[in-house]
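Novice: Please arrange chain B on chain A, whose structure you already have, making use of the hints.
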Amino acid sequence: MNLTLKIWRQAGSSDKGGIHTYEVSGISQDMSFLEMLDVLNEQLNEMGEEPIAFDSDCREGICGMCSLMINGEAHGPEVTTTCQLHMRSFKDGDTITIEPWRSAAFPVIKDLVVDRSAFDRIIQSGGYISANTGSAPEANSVPVPRDNAVRAFNVATCISCGACVAACPNGSASLFLGAKITHLGELPQGQPERWSRVVDMTAQHDHEGFGGCTNIGECTAACPKEIPLDVISQLNKDLRTAMRHGH
Amino acid sequence: MAVSGLAFVGFVVGHMYGNLKAFSGHDAFNEYAHHLRELGEPLLPHMGFIWIMRVGLLVALIVHVAAAVELTRRARQARPVQYVVKKHTGAIPASRLMRWGGLTLFLFIVWHLVNFTFGKVNVQGGETDDPYNLLVDTFDVWWMTLIYLVAMAMLGAHLHHGVWSSMQTLGLTGTAEARARVKTISFAIAILIAGGFSLVPIFVLAGVID
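Same order as they appear, the protein sequences are chains A and B.
Heads up: the first sequence is residues 52 to 298, going by the numbering used here.
Heads up: the second sequence is residues 116 to 325, going by the numbering used here.
Bear in mind the hints are in silico, worked out from the structure with no lab data behind them.
On a predicted model such as this, the values are computed, not experimentally measured, just so you know.
A few of these clues could be false.
Okay, derived cross-link-like pairs now, DMTMM-like style, lysine to aspartate or glutamate, Cα gap no bigger than 25 Å in a straight line [said to hold, decoys possible]:
1. Lys201(B) - Glu259(A)
2. Lys201(B) - Glu86(A)
3. Lys142(A) - Asp81(A)
4. Lys202(B) - Glu101(A)
5. Lys142(A) - Glu111(A)
6. Lys201(B) - Glu74(A)
7. Lys202(B) - Asp166(A)
8. Lys202(B) - Asp198(A)
In silico negatives: residues of chain B with every beta carbon more than 12 Å from chain A [unchecked claim]:
9. Met116
10. Val127
11. Leu135
12. Ser139
13. Pro160
14. Ala182
15. Glu242
16. Val256
17. Ala268
18. His276
19. Ala293
20. Leu307
Every residue gets a Cβ at the ideal spot worked out from N, C-alpha and C, and that includes glycine.
This is chain A alone, in the form it adopts within the complex:
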């Protein structure tokens, strides 16, 4: 495959940045999207140019590190992460525009790499349970009803990649926030801190500069883990209950 790539280049966080156009050839359909970028970077290295900076880690779709806006879609046209997107999803001769996540809360560090520590700070503000350390408790001592367990597991698949923010027209992180709130809220271990958690995490979300949710739904369409929109309803419901309880 021969491709034309329009890639956002930005030397550093204070640089203005802009789109640069590159040609790559001899791309196999079996390559992953990141391997295709590796090929381009090899070319740039040989020509003595600065390679394109992009994030990746596990390259098996579970770590949430890779984060590219591909032709206007977070993680590209398939429901998966960028690392699990393969070049068979594109055609020979295609032009592909690659941009970083666009969010005030995710500042660009370089090229396609953004700083997503805003998500870490949201987690630090309440996305945990307080438990005594020591040996693991007996697994069956706290029974969890099946439906709650299933829902908690489903939303716990969120890998905090930030695609929901990248796709959202409002730049909101409500799907991420809702997934974390629902995950812990469904489990007995999450109950003691449930109401302070939702208030604190929402306050941190707003403080980081993420936008407000207007329930458009582009987040769930972009989510590689298919987190459903009902977690945002759960977030709102928990927030309402927490405020009624005086938090």
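Specialist: Leaving out everything else, chain B in the frame of chain A:
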């Protein structure tokens, strides 16, 4: 946003019911309009019900606009650099029309109040103190009917996303089934209200109501 929006939904349902009285003829329509002014008497003063509604709607409007401005401001700040290419996978067109559509509806409502309530403008130059005749004179003019139909299409789109969105904001769509149900209900309400309002202008223009 959600609560003020639902107040408007309640209002348009009542308003549409009143409009459809036009199919019952001149006297029934005018009697209904007159009765609204006497509703609640003697517990309420004359025009008491009308003014309670007006004040309530004005408060809802202020809350609704303030929330919309705040959400828009936050959205702009949250994405200072725009994408070169952005697709809108997963968004229905109505959801992307909310801000411009809301502004359109606001301008329409200003004109609508000038037309029928505070200014009473008869574009044909006829009488303005008879509600039914003012209605017929207005919608006999094709471009007036067109303005109203465009506004009702915009209202339908606003309701299609707005009703569902309000339920989500109030935390009432916590399961996939509830979400599907609410989305269907939102679409039905949008069609019902936009369609119901459109009937009177269309039938006036067609000469059925005259």
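Novice: Please go over all the hints and tell whether each is borne out by the structure.
Specialist: Each hint, compared with the structure:
{"no.": "1", "hint": "Lys201(B) - Glu259(A)", "in the structure": "holds (23 Å)"}
{"no.": "2", "hint": "Lys201(B) - Glu86(A)", "in the structure": "holds (24 Å)"}
{"no.": "3", "hint": "Lys142(A) - Asp81(A)", "in the structure": "holds (12 Å)"}
{"no.": "4", "hint": "Lys202(B) - Glu101(A)", "in the structure": "violated (29 Å)"}
{"no.": "5", "hint": "Lys142(A) - Glu111(A)", "in the structure": "holds (23 Å)"}
{"no.": "6", "hint": "Lys201(B) - Glu74(A)", "in the structure": "holds (22 Å)"}
{"no.": "7", "hint": "Lys202(B) - Asp166(A)", "in the structure": "holds (23 Å)"}
{"no.": "8", "hint": "Lys202(B) - Asp198(A)", "in the structure": "violated (35 Å)"}
{"no.": "9", "hint": "Met116", "in the structure": "violated (8 Å)"}
{"no.": "10", "hint": "Val127", "in the structure": "holds (20 Å)"}
{"no.": "11", "hint": "Leu135", "in the structure": "holds (31 Å)"}
{"no.": "12", "hint": "Ser139", "in the structure": "holds (39 Å)"}
{"no.": "13", "hint": "Pro160", "in the structure": "holds (37 Å)"}
{"no.": "14", "hint": "Ala182", "in the structure": "violated (9 Å)"}
{"no.": "15", "hint": "Glu242", "in the structure": "holds (44 Å)"}
{"no.": "16", "hint": "Val256", "in the structure": "holds (37 Å)"}
{"no.": "17", "hint": "Ala268", "in the structure": "holds (20 Å)"}
{"no.": "18", "hint": "His276", "in the structure": "violated (8 Å)"}
{"no.": "19", "hint": "Ala293", "in the structure": "violated (7 Å)"}
{"no.": "20", "hint": "Leu307", "in the structure": "holds (21 Å)"}
Of the numbered hints listed earlier, those contradicted by the structure are 4, 8, 9, 14, 18 and 19.
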